[in-house]
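Chain B is already provided as a structure; the job is to place chain C on it using the hints.
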Amino acid sequence: MKPGVLLSREARLGYLLLAPALLVIALVALYPLGYTLWLSFQQKIIKLPWLHQGWVGLANYRELLAADRFWQALAHTVMFTVVSVSLELALGLLAALAIHRTRILTGLTRAAVLLPWAIPTVVAAVMWLFLINPAFGLIPMGLRLLGLPEAWQVLLAHPASAWAVIIATDVWKNTPFITLMLLAGLQVIPEDLYEAAGMDGASRWQVFRHITLPLLTPAILVALIFRTAQAFMVFGHIYTLTGGGPGTATETLAFLNYQAILNDMRFGYGAALSVVIFLGSLAFALFYLYTMGLQIKEEPRP
Amino acid sequence: MRRSGVPVYIITGLFILLSFFPFFWTLLSSYKPGPQLFQINPPFWPQPFTWENYRAIFLERRFYLNIINSVVVAGATTCICVGLGALAAYGLARLKFRGKTIILGFILVVSLFPPVAIVSPLFLLWEKTRIINTYLALILPYLTFALPLTVWLLTAFFRQIPFELEEAARMDGAGPLRTFWEVTLPLAAPGIFTTAILTFIYCWNEFLFALAFTTNDASRTIPVAIVMFSGYHTVPWGQILAAVTVVTVPVAVLVLVLQRRIISGLTAGALKG
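Protein chains in written order, with numbering that gives the first Met the number 0: chain B, 0 to 301; chain C, 0 to 272.
Careful, some of the hints might be misleading.
[Claimed, not checked] Derived pair list, reagent style SDA-like, types lysine to any residue, alpha-carbon separation capped at 25 Å:
1. C:Lys95 with C:Leu184
2. C:Lys99 with C:Glu165
3. C:Lys127 with B:Leu261
4. C:Lys99 with B:Lys46
5. C:Lys127 with B:Gln42
6. B:Lys46 with C:Glu126
7. C:Lys95 with C:Trp180
Because the hints were derived from the structure by calculation, they are not lab data.
Here chain B stands alone, though its shape is the one from the complex:
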């Protein structure tokens, strides 16, 4: 058989194998996305059926960009993403370095670290609501022992302490993911590099700065990108812990979007907000593709 013929048969089989998955993705993701775009130019308010329903051009976008609540939610989302992901990276790195060098009970240690990651976000949030309950929660009890004033113990009543709770619990839930990614990264660093550095009399800091950190950078990047994308879409965590409150002080973009759609039943306006969020995350995904270009490149067949 000629090699050219074999190649084309192989290519045909390749497309055939991919077709079902791509078709399903197009049907369940691309079609609704197109629908969202179309809806974003419509007025569709189910609660107010007597209003004009139909084409309104860019009115939804104009209203959105003029709304303080949107800009506030955007600022909240960026703040939450930057602060929580940075804390998770710092703690995750510390945990990974420590666990990597722990030689006993390694399986149990890894399982313990995995557990917060593996349970549903909102189940973790509900558990923390119990732990911070002002009347009988363990954490306000601890704050009482520290002698903090009573008013401070109602943690979700003030914007600053509500954010502290949101971020701290998010760090608790998501640091494990970064820890595990970095642990995997640490495991592929050859041990003899450390031995060589030890023979050259390098200090611990020098070893970390010049061997561990540079070789860990790919793992750090991947972990950061996934966590950033996730944090940017935070919804269940906020919905369960604060419901966006007090007032609108902890609303994020995804939360605001959900409220616009399922609380206010404003499908057109909600769709416009969705389009804006989607464009933001698309820009981020393309940036990710650019950064990780090497990962995607087709590997030559062995």
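What follows is chain C alone, placed relative to chain B:
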């Protein structure tokens, strides 16, 4: 091998304690009778120990319905995704054709897109076709994040399988499909299993779609059901904690038994290994 000092063990121990303690406290509290739960300084051990909260969630709230819903939705989504994903991933990992880079990039972009962006049209579509509160109303949107994940993971796992065995089969005259079925698939079984666990966990934990596309207690999945336990006036903390325990204990066992696989899955898509 470098020595591990005492600080290393202290830091590790601290992380384990912080991970575990909230669960441990929840578990203990779920067995406490009401008055003890709401005490200003609650006792450490439940006294007396009570199953009342567990009885209430299963017999009064029919929490088992929510567990069944979660198992069916996550299970069905996982099966569909692994089936379609294995075919696609084999093509991506093993066959030569144009456009693979673009397809992988496309799949990655889909996996990073915000779920909330399709809630508006899907709600209208589901209302119109009356599939709100059915399993289908959740399985279809779950495919949007689960299918890209499975394709991505399986491609990474297929690439790890040595190519020589397949080449030998091909030399012996087996076609690509037969090679896939008789050589690749058995070798890929551990990777497929890992992918299935991760996909299942992601579906099991999903909240946004489950909240948007279910409107009654009987059709809710576990996360939504637990959040909805709270009424307007009272929060049944004992029952909430019992439900949290019921869903966490199996996860803890799963994680303990399968931690190696889960970690290999988490890292396979991202790091070459």
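Against the structure, the hints:
no.	hint	in the structure
1	C:Lys95 with C:Leu184	holds, 19 Å
2	C:Lys99 with C:Glu165	holds, 20 Å
3	C:Lys127 with B:Leu261	holds, 16 Å
4	C:Lys99 with B:Lys46	violated, 46 Å
5	C:Lys127 with B:Gln42	holds, 18 Å
6	B:Lys46 with C:Glu126	holds, 15 Å
7	C:Lys95 with C:Trp180	holds, 18 Å
Violated hints amount to a single one, hint 4; each of the other numbered hints is respected by the structure.
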